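Once you have looked at the hints, place chain B on chain A.
Next come the chains, spelled out residue by residue.
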Amino acid sequence: MTTKSLTFPRLFPRPKADTGIWSWIGTVDHKRIGTLYGITAFIWFIVGGIEALLLRVQLARPENDFLDPEAFNQLFTMHGTTMVFLVVMPLSAAFFNWLIPLQIGARDVAFPRLNAFSFWVFLLGSLLLNVSWITGDAPNGGWFGYAPNSSTTFNPGIGMTYWVVGLNILGVASIAAGLNFIVTILNMRAPGMTMFKLPIFTWMTLITSVLIVLAMPVLAVAGIQLLSDRVYGTYFFDSLGGGDPVLWQNIFWLFGHPEVYILILPAMGIVSEVLPTFARKPLFGYPFVVFAGAAIAFMGWFVWAHHMFTVGLGPAANSAFAISTMLIAVPTGVKIFNWLGTLWRGNIRLNTPMLFSISFIAMFTIGGLSGVMHASPPTDAQQQDTYFVVAHFHYVLVGGALLGIFSGIYFWWPKFTGWFLNEKLGLTNWALMLIGFNFTFGPMHWLGMDGMPRRIYTYAEDMGWETSNLFSTIGSMLLGLGILVFIINVFYSKMNKKMASADPWDGRTLEWSVPSPPPPHDFDEIPQVKYRDDFWFKKHPETIAQYYHDEHDDQDQAVPSGAQFDGDDEAVAVPAVAENKSNGHGHGGIHLPDMSYYPFVLSVGITIFGAGFLTNTYVIAAGVPFFLWGLLGWSMEPVNDPE
Amino acid sequence: MTQAATTGYQDPIENTSTGLSSRKLMMWAFLASDVMFFGTFIATYLVYRGKSLVGPYPSEILDIPVTSVSTFVLLMSSLAMVLALHYLKNGEKNKATLWILAVVVLGTVFMGFQVVEFRLFAQEGLTPRTNLFGTTFFILTGIHGAHVTIGVIWMAFLAYGSHKGTLRSDNSMDLEIAGLYWHFVDIVWIVIFTVIYLISAADGPPPGAETILH
Chain A
2 MTTKSLTFPR LFPRPKADTG IWSWIGTVDH KRIGTLYGIT AFIWFIVGGI EALLLRVQLA
62 RPENDFLDPE AFNQLFTMHG TTMVFLVVMP LSAAFFNWLI PLQIGARDVA FPRLNAFSFW
122 VFLLGSLLLN VSWITGDAPN GGWFGYAPNS STTFNPGIGM TYWVVGLNIL GVASIAAGLN
182 FIVTILNMRA PGMTMFKLPI FTWMTLITSV LIVLAMPVLA VAGIQLLSDR VYGTYFFDSL
242 GGGDPVLWQN IFWLFGHPEV YILILPAMGI VSEVLPTFAR KPLFGYPFVV FAGAAIAFMG
302 WFVWAHHMFT VGLGPAANSA FAISTMLIAV PTGVKIFNWL GTLWRGNIRL NTPMLFSISF
362 IAMFTIGGLS GVMHASPPTD AQQQDTYFVV AHFHYVLVGG ALLGIFSGIY FWWPKFTGWF
422 LNEKLGLTNW ALMLIGFNFT FGPMHWLGMD GMPRRIYTYA EDMGWETSNL FSTIGSMLLG
482 LGILVFIINV FYSKMNKKMA SADPWDGRTL EWSVPSPPPP HDFDEIPQVK YRDDFWFKKH
542 PETIAQYYHD EHDDQDQAVP SGAQFDGDDE AVAVPAVAEN KSNGHGHGGI HLPDMSYYPF
602 VLSVGITIFG AGFLTNTYVI AAGVPFFLWG LLGWSMEPVN DPE
Chain B
122 MTQAATTGYQ DPIENTSTGL SSRKLMMWAF LASDVMFFGT FIATYLVYRG KSLVGPYPSE
182 ILDIPVTSVS TFVLLMSSLA MVLALHYLKN GEKNKATLWI LAVVVLGTVF MGFQVVEFRL
242 FAQEGLTPRT NLFGTTFFIL TGIHGAHVTI GVIWMAFLAY GSHKGTLRSD NSMDLEIAGL
302 YWHFVDIVWI VIFTVIYLIS AADGPPPGAE TILH
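Protein chains in written order, with the numbering used here: chain A, 2 to 644; chain B, 122 to 335.
Excised from the complex, chain A in its bound form (with noise of 0.2 Å):
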């Protein structure tokens, strides 16, 4: 098709390198950009955890001075933060950049550029929120960056100016990629793959796309009205101006609660799919893991006061707000019976994906216990701000969340690279993160109940403390080296390959159909699906009838037994050929988009606009040309340049 569009002048050609570094700044593939997602949130996981260990170290003995106060501050604010944004987040988001087109049957998300730009604003917004490190200023009112303590009078320094211009940053990557992964898994769905057909690691990604796209602009408005108070002086959270520091918890509760599920939903979709693998039996009640993961979603917008249970809301909305985090347990329990119903009289295979994923599900089990704990306000009121409310969200957040990202990291890694990560060293690095775990968050429990209070940066002798905190810091010692096992695994696997076949764990879903690596194009054709783990079936087909029963004769109105069929057979009559394989150029004739720099190049225009609200309007200017040079020359250039 021949028609006029309009132009944009470029400065650069296009690239077009398979290899060096315009190959990155230009890809738009989606199994690269999952990659340099990965590697980035790797390197920030490392970075806040030496941040961890330094705290550690510091509560080691009481009256301690290995650090001032100041610095410890500094310490657990950037520590806080750059877990649940810089590591957790963008270590899902590189889940979902692998693995939504391949699980789908899809060559790349919907919106590829797009794709790149998330990225690359993710990026240079970390960087940027970092930087706060050489001013020497970095932030150090909590991730929560509660007001007033955030207001520049009872905080002057650049610090939290730095995290909240870092953090909406971020949120523009957040929102971009969760739009486009909404899209992607709603509209880029191979022929015959009906909602109740998705993988649900999909399903999981879904949901936890809407929550982001949802939550996100709340943190967003919380930051613009922290930036304005802090840099125009406005009133928002100004009790001087009649402004009500208690709206600052509100809002960003409001996102913050949903934000934890954007954390944890993901590695529940990620468990999801190792146990069905490794107990090779389909997931147990699919259905209601889907409903359930919806459930806790919708319900998790209607929690975020049992935060904020000691600010003397009234007894009505404690009650309310009570009674609504107890129920959103109902939800979470629901799917762990569903994970140990997947494990029952399943032909379990244990490897090291799967002990990441069975520990999981017992160390999330003790982290929602003590969740529903403090979701009554009496009890709440004693472990307010004490190291039971730290040991309880590190039992979700790490014990769930990253050893469920580890057990994915383990099982779609051959998929990745075509090469095994070694097993000895894999259960060397599970046993240790577990058992540090343990030792370093377990012992939080007994320091909260005896009334230790979080943030302190040291403590009185003769309180009690020390035995417990010393087991916590050497426990934290070996979690950190469990994480040091896993970068030896990557680099002795690398030097020792064991090459892994297109379907090395005889897998359930479409990803493990394509060779490992996957081509760039990752389907020669695209798949035709007809059962819920229709790779699966395609292998077993003797399988299909122990969880199907064919109510026609007709094969291709194979309903699932007790699985609602929502009866939309769309385009089953799909001819899954790639018709001009043999004409055009390389791969195989199938069009993949082109690369383009503009997604970089606008991602610098809003990073220095950003750091402009540091610095002064002159910066700001400076980034008008690169936003605008970005902008028009994305949205004037095809996708593809005629040939």
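Careful: at least some of the hints might be erroneous.
Unchecked claim - Rough simulated footprint, nothing fancy, chain A against chain B, three-plus residues with beta-carbon under 8 Å:
hint: 1; segment: 136-145
hint: 2; segment: 150-161
hint: 3; segment: 169-176
hint: 4; segment: 281-287
To be verified - Cβ-Cβ distance ranges computed for the label pairs, FRET-style:
hint: 5; chain 1: A; residue 1: Asp19; chain 2: B; residue 2: Leu141; range: 31 to 39 Å
hint: 6; chain 1: B; residue 1: Val190; chain 2: A; residue 2: Pro10; range: 39 to 47 Å
hint: 7; chain 1: A; residue 1: Val232; chain 2: B; residue 2: Gly286; range: 44 to 52 Å
hint: 8; chain 1: B; residue 1: Leu141; chain 2: A; residue 2: Arg346; range: 36 to 44 Å
hint: 9; chain 1: B; residue 1: Gly246; chain 2: A; residue 2: Phe155; range: 24 to 32 Å
hint: 10; chain 1: A; residue 1: Ser636; chain 2: B; residue 2: Met197; range: 24 to 32 Å
hint: 11; chain 1: B; residue 1: Gly140; chain 2: A; residue 2: Arg15; range: 30 to 38 Å
Because the hints were derived from the structure by calculation, they are not lab data.
These figures come from a predicted structure and were not determined experimentally.
Backbone N, C-alpha and C define an ideal beta-carbon position, used for all residues, glycine too.
Coordinates of chain B only, in the frame set by chain A:
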């Protein structure tokens, strides 16, 4: 779905599992996100309504007749938008261009009203740093104004495209998506107009405000 889904890359953008254009679905999802964005600002405004410690208070400064005119102008731009899309789909190029230009002009007039209003308020002593009303008013209407401005620039490009013939009935989706955005920004203004101008217009000083300060 057609064979395009199995062969080319761009094709899945319009030939999709749901049958909806991916770009259109994307805009709807973005608007959902924007609802939360405006919703939080509007909630902030409502929480702080009547809590300003010093004047000028809304009752002393808001001019409802003038803002009603600018509201009417913005609502008419939505009508122009609908007509523009209608003519574009019909292939009536000149009429389409004209009505897209009408959107641009009406949007610009609305922004003109806002600029004048902001300046007047500043002269009368209301800035974001005066009181809570100023803080919440300028941020909420300012963010909305930014949305309108982005829309106007976008429409200007589309008007140029329509004039040049690069925006035609076969790619009218470009205009339809911009239209979704435009109508949304319009609807948000109806809420803002109601919440700030109609509901708060009589708000004076809160009881005891003067005694707190003096």
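Has the segment 281-287 of chain B got at least three residues whose CB is nearer than 8 Å to a CB belonging to chain A?
-> holds (count 5)
Satisfaction of the hinted span 36 to 44 Å by the C-beta atoms belonging to B/Leu141 and A/Arg346: 42 Å, holds
So does A/Ser636 sit 24 to 32 Å from B/Met197, Cβ to Cβ?
27 Å, holds
Do the beta carbons of A/Val232 and B/Gly286 sit within 44 to 52 Å of each other?
46 Å, holds
**Item:** Supplied distance hint 24 to 32 Å, evaluated on CB atoms of B/Gly246 and A/Phe155
**Value:** 29 Å, holds
Is it true that B/Val190 and A/Pro10 lie within 39 to 47 Å of each other by Cβ?
42 Å, holds
Given a hinted range of 30 to 38 Å, is it respected by the beta-carbon distance of B/Gly140 and A/Arg15?
Once the Cβ atoms are compared, 32 Å apart, the range 30 to 38 Å for A/Arg15 and B/Gly140 holds.
* Between the segment 169-176 of chain B and chain A, see if three or more residues pass the 8 Å beta-carbon test, and mark the coverage as holds or violated. => This one holds; 4 residues, not fewer than the three required, reach chain A with a Cβ under 8 Å.
Worksheet item: Range hint 31 to 39 Å: satisfied by the CB atoms of A/Asp19 and B/Leu141?
Response: 34 Å, holds
Using C-beta distances, would you say chain A covers the segment 150-161 of chain B, given that this needs three or more residues below 8 Å? holds (count 8)
Three residues minimum, CB to CB under 8 Å: does the segment 136-145 of chain B make the cut for coverage by chain A? Let me know. It holds, with 5 qualifying residues against the three required.
Hint check: no violations occur; every hint is consistent with the structure.
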